[in-house]
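Visitor: Could you build all of it, start to finish, from the sequences and the hints given here?
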Amino acid sequence: REPPRAPTSPQSPSSRRETTRRDTTRHDTARHDAPRTQTTGRQPAVETMMRVARSLGRAKRGFATAAPGQVGFIGLGQMGSRMAANVVKAGHRVMVFDTVPASVDALVSSGASAAESIGSIAKECDTVITMLPASKQVKEVYLDSTSGLLANAKEDTLFIDCTTMEPDVAKTVAAAAAEKKMHMVDAPVSGGVGGAEAGTLSFMVGGTEPQFERAKVVLDQMGKNIVHCGDSGKGQVAKICNNLVLAITMIGLNEGYNLALTHGMNPETIANIFNSSSAQCWSSGYVGTPGTKDYNTGFKIGLMSKDLGLAISSANEAQVKLPLGEKAAAIYSEISNSENVNKDFSYVLEYLKDLKE
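The C-terminal position of the sequence shown is numbered 394 in our numbering, with every residue numbered one higher than the one before it.
If you're looking for bench data, these hints aren't it; they were derived computationally from the structure. Backbone N, C-alpha and C fix where the C-beta goes; we use that ideal spot for every residue, glycine too. Watch out, some of these pointers could steer you wrong.
Unchecked claim - Here are the simulated lysine-lysine pairs, DSS-like style, with alpha carbons at most 25 Å apart:
#, residue 1, residue 2
1, K173, K217
2, K173, K160
3, K191, K176
4, K330, K390
5, K364, K390
6, K173, K271
7, K208, K343
8, K208, K218
9, K191, K217
10, K173, K218
11, K271, K218
12, K126, K160
13, K176, K160
14, K271, K217
15, K393, K330
16, K393, K173
17, K271, K261
18, K208, K191
19, K173, K191
20, K330, K343
21, K261, K191
22, K343, K390
23, K218, K191
24, K191, K160
25, K364, K393
26, K126, K261
27, K218, K176
28, K343, K364
29, K160, K271
30, K176, K217
31, K217, K160
32, K176, K126
33, K358, K343
34, K126, K173
35, K208, K173
36, K208, K271
To be verified - Cβ-Cβ distance ranges computed for the label pairs, FRET-style:
#, residue 1, residue 2, range
37, G106, V264, 18 to 28 Å
38, V378, S146, 25 to 35 Å
39, K191, A139, 23 to 33 Å
40, S315, S184, 48 to 58 Å
Guide: Next up, the structure:
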């Protein structure tokens, strides 16, 4: 037998919630076949739980959920132009700069504003994204004592550099930014022009945890896989290793295609086999049917050659051997020293076709 109940007294907030939960459970059990709410398709209790979960998530992330203010974007090439367009589409105020006026005009027509100079972006934006060709341009854009970003920005500005470059350069720029009470993360990307267009890029980010969380607010508008790789420079390490593997697999894939086509196999047949068997990889999906790729768009051979040079340099520093990487670097270096330097890196298939015994 249960002991006598205590005299009724006003309920505490926690006991009222418990009673409400018991009542809600009995009510829902009795009416489990009742139609769902028409507005969302969820039971009211579920809606409440999801609102609480979202609130907790926002609270946990803290200041990172704050709006980034005006966003500056420098470097509007094939990747940068599409990335910047997605930031505009997300509703941010975006100011852009590039040495090619037509690239700026295209973004302005989409809703961005044009900056007169790199310095004006630094002065007027709270967050600045850069997408530049290589380390040389990064050092010029960030470190020039007169016109550079660090010379003109205000304290607490966040810089997000998406260039692929030497890890040591990323560390140097981040340290220079920190001296001026600014923040810089290295955030190189993977996913190609298609990923930039669709907003599904992967970002490999190096920096402190608070810097990563703050940068993620904007990076989420351009990508679907935002990974914190560690402290400054680690994003570059991850990207260099990623592109090392990418180059090797692209060459291996096209060696297989070249052999199959030389034996007279139907291109679609061998492509279907590769994409549904153990030969399947990112490169096989990217190439599609061999011989049908438009080599005039995509990731340029010259850039792949540059990235492989970074991998070789990094390996030499660490005293690590890269037998396949060195061969891949030699192949792409040879192609990049020809008229085909601006072709897509899958053009290696045509290079292999021309090799003779």
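Visitor: Against each hint, give a clear statement of whether it holds in the structure.
Guide: Evaluated hints:
With a C-alpha separation of about 21 Å, the suggested pair K173 and K217 falls inside the 25 Å cut-off, and the hint holds. This hinted pair checks out: K173 and K160 have alpha carbons roughly 23 Å apart, not beyond 25 Å. Straight-line distance between C-alpha atoms of K191 and K176 comes to about 19 Å, which keeps the hinted pair within the 25 Å bound. A distance of roughly 15 Å separates the Cα atoms of K330 and K390; the hinted pair therefore holds under the 25 Å criterion.
Note on K364 and K390: the hinted pairing holds, with a Cα-Cα distance of about 17 Å set against a maximum of 25 Å. Restraint check: the Cα-Cα separation between K173 and K271 comes to about 19 Å, which is no more than 25 Å; the hinted pair holds. Restraint check for K208 and K343: satisfied, since their Cα atoms lie roughly 19 Å apart, inside the 25 Å limit. At most 25 Å may separate the alpha-carbon atoms for a hinted pair to count; K208 and K218 meet this at roughly 15 Å.
Distance hint between K191 and K217 is fulfilled; the C-alpha atoms sit about 9 Å from each other, no more than 25 Å. At most 25 Å may separate the alpha-carbon atoms for a hinted pair to count; K173 and K218 meet this at roughly 23 Å. With a C-alpha separation of about 21 Å, the suggested pairing of K271 with K218 holds against the 25 Å cut-off. Restraint check: the Cα-Cα separation between K126 and K160 comes to about 23 Å, which is no more than 25 Å; the hinted pair holds.
The straight-line distance between the Cα atoms of K176 and K160 is roughly 18 Å, inside the 25 Å bound, and the hint therefore holds. Between the alpha carbons of K271 and K217 the distance comes to roughly 22 Å, so the proposed pair stays at or under 25 Å and holds. With a C-alpha separation of about 23 Å, the suggested pairing of K393 with K330 holds against the 25 Å cut-off. The straight-line distance between the Cα atoms of K393 and K173 is roughly 37 Å, outside the 25 Å bound, and the hint therefore fails.
Taking the CA atoms of K271 and K261, the gap is about 19 Å. The hint holds against a cut of 25 Å. A hinted pair counts as satisfied when its Cα atoms are at most 25 Å apart, and K208 with K191 qualifies at roughly 20 Å. Of the supplied pair hints, the one linking K173 and K191 holds, its CA atoms being roughly 24 Å apart against a limit of 25 Å. Our distance criterion of 25 Å between C-alpha atoms is met by K330 and K343, whose separation comes to about 22 Å.
Between the alpha carbons of K261 and K191 the distance comes to roughly 30 Å, so the proposed pair goes past 25 Å and is violated. This hinted pair checks out: K343 and K390 have alpha carbons roughly 23 Å apart, not beyond 25 Å. For the hint linking K218 to K191, the alpha-carbon distance of about 9 Å falls within 25 Å, and the restraint holds. Taking the CA atoms of K191 and K160, the gap is near 7 Å; set against the 25 Å cutoff, the hint holds.
For the suggested pair K364 and K393, the alpha carbons sit about 17 Å apart, so the restraint of at most 25 Å is met. With a C-alpha separation of about 16 Å, the suggested pair K126 and K261 falls inside the 25 Å cut-off, and the hint holds. This hinted pair checks out: K218 and K176 have alpha carbons roughly 18 Å apart, not beyond 25 Å. Between K343 and K364 the CA atoms are separated by roughly 14 Å; this keeps the pair inside 25 Å, and the hint holds.
The hinted pair formed by K160 and K271 fails the criterion: a straight-line CA distance of about 28 Å is larger than 25 Å. The suggested pairing of K176 with K217 holds, with an alpha-carbon distance near 16 Å, which does not exceed 25 Å. Annotation: proposed proximity of K217 to K160 holds, straight-line Cα distance about 14 Å (limit 25 Å). Proximity of K176 to K126 is assessed by CA-CA distance (about 30 Å); at most 25 Å being required, the pair is judged violated.
For the hint pairing K358 with K343, the CA-to-CA distance comes to about 18 Å; that is within 25 Å, so the pair holds. A threshold of 25 Å between alpha carbons decides the hint, and for K126 with K173 the separation of about 31 Å lies outside it, so the pair is violated. Between the alpha carbons of K208 and K173 the distance comes to roughly 14 Å, so the proposed pair stays at or under 25 Å and holds. Of the pairs offered as hints, the one joining K208 and K271 holds, with about 9 Å between alpha carbons and a cut-off of 25 Å not exceeded.
Between G106 and V264 the beta carbons are some 25 Å apart, a value that agrees with the proposed interval 18 to 28 Å. Hint check: V378 to S146, Cβ distance near 30 Å, so the stated range 25 to 35 Å holds. With their beta carbons about 31 Å apart, K191 and A139 fall inside the hinted range of 23 to 33 Å. For the pair S315 and S184, the supplied restraint of 48 to 58 Å holds, since their beta-carbon distance comes to about 52 Å.
Hints 16, 21, 29, 32, 34 from the list above are not met by this structure, while the remaining hints are.
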